[in-house]
Amino acid sequence: MKLARFDLYRYTLPFSRPLTLEGITLRHREGLLLRLSGDDGSVGWGESAPLPSFSGESLDDAASQLRRLAGSMMGRQATDDWVDPYGEFGRELDGTTPSVRFGLELAAWNLHGASSGKTLPELMTPSPRDVVPVNGLLSGSLVDVLEEARRMRGAGYRSVKLKVGARTIAEDAALVRALGEELGDGISLRLDANRAWAYEEAAEFLRDGARFAYVEEPLADPARLPELVGEFGVPVALDESLVGTKLEELEDFAVAFVLKPTLLGGISRTLRVAERALRLGATPVISSAYESGVGTAALVALAAGIGDRPVAAGLDPYRMMAEDLLETPLTLPAPSVVVREAADASHTIDVRRLKRL
0 MKLARFDLYR YTLPFSRPLT LEGITLRHRE GLLLRLSGDD GSVGWGESAP LPSFSGESLD
60 DAASQLRRLA GSMMGRQATD DWVDPYGEFG RELDGTTPSV RFGLELAAWN LHGASSGKTL
120 PELMTPSPRD VVPVNGLLSG SLVDVLEEAR RMRGAGYRSV KLKVGARTIA EDAALVRALG
180 EELGDGISLR LDANRAWAYE EAAEFLRDGA RFAYVEEPLA DPARLPELVG EFGVPVALDE
240 SLVGTKLEEL EDFAVAFVLK PTLLGGISRT LRVAERALRL GATPVISSAY ESGVGTAALV
300 ALAAGIGDRP VAAGLDPYRM MAEDLLETPL TLPAPSVVVR EAADASHTID VRRLKRL
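If you read the sequence shown in numbering that gives the first Met the number 0, its first letter stands for residue 0, the second for the next number, and so on.
To be clear, the hints were calculated from the coordinates, so they are not data collected in a lab. There's no promise every hint is true.
To be verified - Pairs of lysine to aspartate or glutamate, EDC-like flavour, derived with a Cα cap of 20 Å:
id: 1; residue 1: K162; residue 2: E200
id: 2; residue 1: K162; residue 2: E199
id: 3; residue 1: K162; residue 2: E91
id: 4; residue 1: K162; residue 2: D207
id: 5; residue 1: K117; residue 2: D38
id: 6; residue 1: K162; residue 2: E181
id: 7; residue 1: K245; residue 2: E91
Construct the complete structure from the given sequences, taking the supplied hints into account.
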């Protein structure tokens, strides 16, 4: 099969409520969809959606880069190399920005799957898991957080996450303690500080003794993370620290690696970093950067195949979408998602929502 067409589209989807990221308030999610078409009639869709405040590239940057790549890809033979994380195709994309690489690789993998009769999860691994558990997000005031935690516990969630760092240290510690009592021992509580704390602030929080599964990126100075772990034995997860870091530079002090393909740099790099995490004894956790259903379905496929046990994936941001590009939206929010259903839904693109570029 040869690549016969490369089509690029832009989308704008409303959020269900305003989303504030690093001081920027977003009311819509904007991104790009690309469609690769083979000369055998096969089609593969991908999503490239830089996240404001977190992606180094803008949406216009991504569109320009994808247009340039389109010319070099037309007429190319789509081989198994396209779905090899260590293959030549992946190496050719090493100079592309993370969201562009994710979108192009996703489209290439989906095209290969359509041509070979395999779903995306089946391309990721010979035996993908049937169901992926979901990590629920908690937000709002103390009362709101506790009410949402109570609802999620009743709905069957086994893992939830709370953002910390915007309140005072005492308020965060009190809320985490209250959540622990509300959730009980059967539900994992993850924390995400987004590098909000100075070392002494993190130390003050940890001295309180609140219990949790791990805290993502607690320090404004990530170079001191090994020191924090050494002093307090705190379970730390890496997120932002993974972006742009060479695999051989990743150390073994973290208990989890939070993998966001849109920010990390595509499917192949995500799989390689996940493999590195497992070798270091850390848990790979697939997570969203507020992609549409097209990108989120790819995250489900990744989560279904990485590691030897199910790990709750950070798919809950999908519920922020008031509308989607899929005619059959994903069955989220929910404590888990059926992998085959997500794979099937990912092909139901509503092209009426797209603007051709």
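So, going through the hints one by one against the coordinates:
Between K162 and E200 the CA atoms are separated by roughly 15 Å; this keeps the pair inside 20 Å, and the hint holds. Proximity of K162 to E199 is assessed by CA-CA distance (about 19 Å); at most 20 Å being required, the pair is judged to hold. Only pairs whose Cα atoms come within 20 Å are accepted, and K162 paired with E91 is rejected, the gap being roughly 37 Å. For the suggested pair K162 and D207, the alpha carbons sit about 17 Å apart, so the restraint of at most 20 Å is met.
Proposed proximity of K117 and D38 is supported: the alpha carbons are some 18 Å apart, at most 20 Å. A C-alpha spacing of about 17 Å is found between K162 and E181, which places the hinted pair at or below 20 Å, so the restraint holds. Taken as a hint, the K245 and E91 pair is honoured in the structure, with Cα atoms around 17 Å apart against an allowance of 20 Å.
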